[in-house]
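Chains as they are written, first to last, in UniProt numbering: chain A, 1 to 534; chain B, 1 to 320.
Since the hints were derived computationally from the structure, they do not count as laboratory data. Be aware that one or more of the hints could be misleading.
To be verified - Where chain B lies over chain A, by a calculated footprint (3+ residues, C-beta under 8 angstroms): (1) 70-83; (2) 243-252; (3) 439-446; (4) 468-478.
To be verified - SDA-like, lysine to any residue: derived pairs with alpha carbons at most 25 angstroms apart: (5) B:211 x A:420; (6) B:15 x A:77; (7) B:285 x B:187; (8) B:15 x A:327; (9) B:206 x A:62; (10) B:144 x A:153; (11) A:423 x B:187; (12) A:42 x B:202; (13) B:211 x A:67; (14) B:15 x A:153; (15) B:155 x A:63; (16) B:144 x A:503; (17) B:15 x B:202; (18) B:15 x A:52; (19) B:144 x B:15; (20) B:15 x A:152; (21) B:211 x A:52.
Note that the Cβ used here is the ideal one computed from N, Cα and C, for glycine as well.
For reference, the chains in residue letters:
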Amino acid sequence: MVPYETAAIPIANPPATSSSTTTTAISKPPEIDGLLAGAGYKVRSSDLRHVAQRLERLETAMLNSPSQHLSLLASDAVLYNPSDLSTWVDSLLSELNQSQSLPSLPSDLSDLVSNPTALDGSWMDQQLPPPTAAIHNQQPSQLTVVEEDSGIRLVHMLMTCAEYVQRGELSLAGSLIQDMQSLLTRVNTGCGIGKVAGCFIDALGRRVFAAGGGGGIPGSAYETEILYHHFYEACPYLKFAHFTANQAILEAFDGHDCVHVVDFNLMHGLQWPALIQALALRPGGPPTLRLTGIGPPSPDGRDSLREIGLRLAELARSVNVRFAFRGVAASRLEDVKPWMLQVNPKEAVAVNSIMQLHKLLAGPAPIEAVLGWIRSLNPKIVTVVEHEADHNQPGFLDRFTESLYYYSTMFDSLDACALQPEKALAEVYIQREICNVVSCEGSARLERHEPLARWRERLGRAGFRPLHLGSNAFKQASMLLTLFSAEGYCVEENEGCLTLGWHSRPLIAASAWHALPETAAVSPDVAVVGGAVM
Amino acid sequence: MVVPLNTWVLISNFKLAYNLLRRPDGTFNRHLAEFLDRKVPANANPIDGVFSFDVIVDRATNLLCRIYRPSDTDEPPNVVPVIVFFHGGSFAHSSANSAIYDTLCRRLVGLCRAVVVSVNYRRAPEHRYPCAYDDGWTVLNWVKSRAWLESTDSKVHIFLAGDSSGGNIAHHVALKAAESESGIEVLGNILLNPMFGGELRTESEKRLDGKYFVSVQDRDWYWRAFLPDGADRDHPACNPFGPKAASLEGVKFPKSLVVVAGLDLVQDWQMAYVEGLKKAGQQVKDLYLEKATIGFYLLPNNAHFHTVMDEIKKFVSSNC
Chain A
1 MVPYETAAIP IANPPATSSS TTTTAISKPP EIDGLLAGAG YKVRSSDLRH VAQRLERLET
61 AMLNSPSQHL SLLASDAVLY NPSDLSTWVD SLLSELNQSQ SLPSLPSDLS DLVSNPTALD
121 GSWMDQQLPP PTAAIHNQQP SQLTVVEEDS GIRLVHMLMT CAEYVQRGEL SLAGSLIQDM
181 QSLLTRVNTG CGIGKVAGCF IDALGRRVFA AGGGGGIPGS AYETEILYHH FYEACPYLKF
241 AHFTANQAIL EAFDGHDCVH VVDFNLMHGL QWPALIQALA LRPGGPPTLR LTGIGPPSPD
301 GRDSLREIGL RLAELARSVN VRFAFRGVAA SRLEDVKPWM LQVNPKEAVA VNSIMQLHKL
361 LAGPAPIEAV LGWIRSLNPK IVTVVEHEAD HNQPGFLDRF TESLYYYSTM FDSLDACALQ
421 PEKALAEVYI QREICNVVSC EGSARLERHE PLARWRERLG RAGFRPLHLG SNAFKQASML
481 LTLFSAEGYC VEENEGCLTL GWHSRPLIAA SAWHALPETA AVSPDVAVVG GAVM
Chain B
1 MVVPLNTWVL ISNFKLAYNL LRRPDGTFNR HLAEFLDRKV PANANPIDGV FSFDVIVDRA
61 TNLLCRIYRP SDTDEPPNVV PVIVFFHGGS FAHSSANSAI YDTLCRRLVG LCRAVVVSVN
121 YRRAPEHRYP CAYDDGWTVL NWVKSRAWLE STDSKVHIFL AGDSSGGNIA HHVALKAAES
181 ESGIEVLGNI LLNPMFGGEL RTESEKRLDG KYFVSVQDRD WYWRAFLPDG ADRDHPACNP
241 FGPKAASLEG VKFPKSLVVV AGLDLVQDWQ MAYVEGLKKA GQQVKDLYLE KATIGFYLLP
301 NNAHFHTVMD EIKKFVSSNC
């Protein structure tokens, strides 16, 4: 056994040049070992000795285990948050000490997931072609040296233009936009840098030339839904979000007979067939499921929320799941009041937010209010998926730069998609986001993406604690990706959360939370009191 | 012989986690490996004077590199060395975006005022020999042809570097460059605890087996995972100066800096490598660190770390 230092070691926090390289590094509390933090592990210096002893114990336990047991441990045990070394080692030790393997809930879900067309495609109005498993990796045309140079020039010009905008020099920005538009004609705008540059030049143009400041692309809720659906089909980001959230919700609902999901953005309800199916197959039988779907009001007299609800009810009936749906029409999430959701204290509640919370960040009040009432519902789980990007910085140039890199990566990942018209409409969907980030301000700027580290802080301050997503969710998400998508997508584990990215750049982050029980006094306005016991 | 506590925790954790990943039948639990690996994204915003970004070098194989550059706006020197770095992991573990290697590459930028190109090569057992070498060769050619990596003399000044399996890859890529009449000149090789072996059981392997985080059994596993089916450890990939390898005499091979840890069980093979280079008339400096274990260069908490960093700096700057 390798001996380690037994004398007390001064905390070796190195000079600033060496250790902290994590991009979303928030200042860590001083007692965390700085060198291990740089390697991605959080261990308090005072715990090092204890962790070392546990590691020694673990080694002995592994040596004494038959190798089949170790293989089983490796493939079946669900492991969480490898960054937290102390807990990690202890959980491995307890896994090794257990004789039984865990119940195989996840494998049921994976059976379902491997045949998704049965769930998503069959009940939909528009018969979109099912996602093809083999998406041929299109070879983009070879970039000539000239194009590469033009591409780089465009990027430089975009950055310069953004700087002019930040400094308020709009006429300089305007003439640069015209120069860029003419340079665009010499670049392939069908893919690669040309395509992304085109979107950003367009967005800058709207900002600079629009009368009355802020020219986002107008669009109806109906159009938004269509674009969203095509974005869902063309690339795996939303599928990953739905799948990961559903997995966590399923686990949180284990043992509960009355469950209630509150979906912050119903759209076409694409997330829910899979959950309904999984609940139907639950050992011991399905619970009673209520789904409350929030969405914008329909302008033309249709009740699109109700229509989606009806279809989901049909599906639930076909698999013998007792189901009830309620639609809540609201233009903005901050307009929703908890009493509209009619949560029953005896239910297990899951709150599901896919790319919605960032829209509340125009000021401090809306997000705090919404997180407050989420907490008052006493949810068993809150699933949150957000863009892994910092698009809400106060300085325009910083925001612009971040989003240029972010959306370049996203467009690059879309290049691999061969489905049409899904791909084209997905690009329009992304283009609208870019426009909002770049050309809108104030309450019109809804796409205020913030990175996972900052959401962790916010949710922590609002009284939520993380529920870690484990190695089973990770493995299944990875497998899902190989079924659906081109190579290049990667799932990563980030301290209990999962991210999906393209070529090592994480683009979206999925996390799960639960609320600490409120010990505060009863608020008479709120339908559900925090003291209710689940 | 004592290892700092945090290093011990780090390397022991790797050792035990890796035990879970290697299956007796030669397959590898890749999902769990990726779940466990601590990764960091690239960052175009400079941190401590270094920024990074990822580039796809070959779409067909999804070959990525992470480029690290110094961000200082001082007058750049006439010559900026480009270090093509191959991370370790015994051919099976880690990636260019693994936190430990991101940290190491960032250090090299500051140390050598260099651009570092970290290669995300394909790994065993899914991709055996020669995939990793092919990926290294692809990147070397790519680096050579980037106008934005040229120094003021319109040439790209290239060094190859790597630790563990990365050191092995660096050797073979340099060899290919020398033998291929490509005109690509590699100015120097930096090999940190390079991974070599052979059929023979050397004295150091017997003496140190299982004593300092590494065992002969796990080394054997990784060679079986990397080498072609049916090959033994005297295959030239594993044993470049062994009975099956071609001579390096007369080959225009770059000068080498080979760092050997005195508590690494593979050291006899590493010293044999140094001897092999010398006998073939090649320029080589070996740095033998008596009390170092594997991975000593990952954390800056020991004297060997600083010794090695100084040597690397001298090695790279002597050409610039």
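These are the hints, each one checked on the structure:
1. 70-83: holds (count 8)
2. 243-252: violated (count 0)
3. 439-446: Since 0 is below three, the answer is violated.
4. 468-478: The restraint on the segment 468-478 of chain A holds, since 4 of its residues have a Cβ under 8 angstroms from chain B and three suffice.
5. B:211 x A:420: violated (59 angstroms)
6. B:15 x A:77: holds (19 angstroms)
7. B:285 x B:187: holds (14 angstroms)
8. B:15 x A:327: violated (53 angstroms)
9. B:206 x A:62: holds (22 angstroms)
10. B:144 x A:153: holds (21 angstroms)
11. A:423 x B:187: Distance of about 46 angstroms is beyond 25 angstroms: violated.
12. A:42 x B:202: Answer violated: residue 42 of chain A to residue 202 of chain B is near 38 angstroms, above 25 angstroms.
13. B:211 x A:67: holds (21 angstroms)
14. B:15 x A:153: Status violated; Cα separation ~47 angstroms.
15. B:155 x A:63: Between residue 155 of chain B and residue 63 of chain A the Cα gap is close to 54 angstroms, so the pair fails against 25 angstroms, i.e. violated.
16. B:144 x A:503: Between residue 144 of chain B and residue 503 of chain A the Cα gap is close to 23 angstroms, so the pair holds against 25 angstroms.
17. B:15 x B:202: Satisfied, since the Cα-Cα distance of roughly 22 angstroms is no more than 25 angstroms.
18. B:15 x A:52: holds (13 angstroms)
19. B:144 x B:15: violated (37 angstroms)
20. B:15 x A:152: Cα-Cα ~44 angstroms, so violated.
21. B:211 x A:52: holds (16 angstroms)
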